[in-house]
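Participant: Spelled out from the first residue to the last, the chains are:
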Amino acid sequence: QKEVEQDPGPLSVPEGAIVSLNCTYSNSAFQYFMWYRQYSRKGPELLMYTYSSGNKEDGRFTAQVDKSSKYISLFIRDSQPSDSATYLCAMSLLGGGADGLTFGKGTHLIIQP
Amino acid sequence: SQTIHQWPATLVQPVGSPLSLECTVEGTSNPNLYWYRQAAGRGLQLLFYSVGIGQISSEVPQNLSASRPQDRQFILSSKKLLLSDSGFYLCAWATDSNQPQHFGDGTRLSIL
Chain A
1 QKEVEQDPGP LSVPEGAIVS LNCTYSNSAF QYFMWYRQYS RKGPELLMYT
51 YSSGNKEDGR FTAQVDKSSK YISLFIRDSQ PSDSATYLCA MSLLGGGADG
101 LTFGKGTHLI IQP
Chain B
114 SQTIHQWPAT LVQPVGSPLS LECTVEGTSN PNLYWYRQAA GRGLQLLFYS
164 VGIGQISSEV PQNLSASRPQ DRQFILSSKK LLLSDSGFYL CAWATDSNQP
214 QHFGDGTRLS IL
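For the protein sequence lines, the chains are A and B, in the order given.
Reading the first sequence from the start, the letters are residues 1 to 113 in this note's numbering.
Reading the second sequence from the start, the letters are residues 114 to 225 in this note's numbering.
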C-alpha cells in the first residue's frame, strides 16, 4: 500500500466552480499536512499548512484534515483559470520534516474559462 | 523576505559526466535545506537534507552526493551520471524542523 494516495486527474471544471482535491494516507503518525501548487516547470508553492485535524481557511482556499479517516482535502471556491496547475498534498511527522515531506503524486487541475 | 535560488534551470549532460547543482537561500540563517527529485509520473522523492553546515543526511542510496559548504548553500553532485539520474531536481528550505518547506524553481536535468 502506497503511503500517500492522490488521484492524478486530470480534473477539469468550469470557471467559478468549487473544486475538491483529496489525499488519503496510511501512516497514522503524520501530524502536519500541506498543500502545494505547482505550475508547469516551476517548483511547488506552499498554499496551506495545517496541524492535526480540523479546517483552515485562507481566501478562496480551505484545507480539511480528518485524521481518524486518514483523509485530507483542499477546496477551492470561485475557481479561476489561473488556478490551473498540479496540486500536491504533503505530510510529515514533524512540521518542516527533518525527515522530509511525504508527497502524493499530484492532481492535475484544469479550470475551463 | 526569504528567497531561494537554483541554477542552472535546465541542463543536458552525457552519461558518465559529472554534475554540480547549486542552491542558495537568502534572508534567513541556518535553515534546514533539502534536495528532492521529481521524476515523471512519480511524486517528489527526498534525496538529502541538512540541518547545518557540513551535516548531511541521505535518504536514498544514490549515485549522488550533497554538501553544505556554507550556511545557506547546498550543492548536489555526482561523479558519473547515469541515465536514471534524469529528472527535475528541487531544493527546499525551512526555518527549522517545525516549519513548512519552501521550494526553488528547480533544475531540469536530462541525461543523453
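Hints may contain errors.
[Unchecked claim] So these bits of chain A aren't anywhere near chain B, every CB distance computed over 12 Å: (1) Gly43; (2) Lys70; (3) Gln112.
[Claimed, not checked] Among the chain A residues that face chain B by a calculated CB cut under 7 Å, a handful are: (4) Pro14; (5) Met34; (6) Tyr39; (7) Pro44; (8) Leu46; (9) Tyr49; (10) Lys56; (11) Lys67.
Calculated from the structure, these hints are not laboratory results.
Virtual Cβ for every residue (Gly too), placed ideally from N, Cα, C.
Participant: Indicate, hint by hint, whether the structure satisfies it.
Facilitator: To see whether the hints hold, each was checked on the structure:
1. Gly43: The claim breaks: Gly43 (chain A) does not keep its Cβ more than 12 Å from every Cβ of chain B (closest is about 4 Å).
2. Lys70: Non-interface label stands for Lys70 (chain A): nearest chain B Cβ at 17 Å, farther than 12 Å.
3. Gln112: Correct as stated: the minimum Cβ-Cβ distance to chain B is 24 Å, above 12 Å.
4. Pro14: violated, 27 Å
5. Met34: Holds - the Cβ of Met34 (chain A) comes within 7 Å of chain B, reaching about 6 Å at its closest.
6. Tyr39: violated, 10 Å
7. Pro44: holds, 5 Å
8. Leu46: holds, 5 Å
9. Tyr49: Since the shortest Cβ distance to chain B is 5 Å, the answer is holds.
10. Lys56: violated, 13 Å
11. Lys67: Violated - the Cβ of Lys67 (chain A) stays beyond 7 Å from chain B, reaching only about 18 Å at its closest.
Hint compliance for this structure: hints 1, 4, 6, 10, 11 are not met, and every other hint is.
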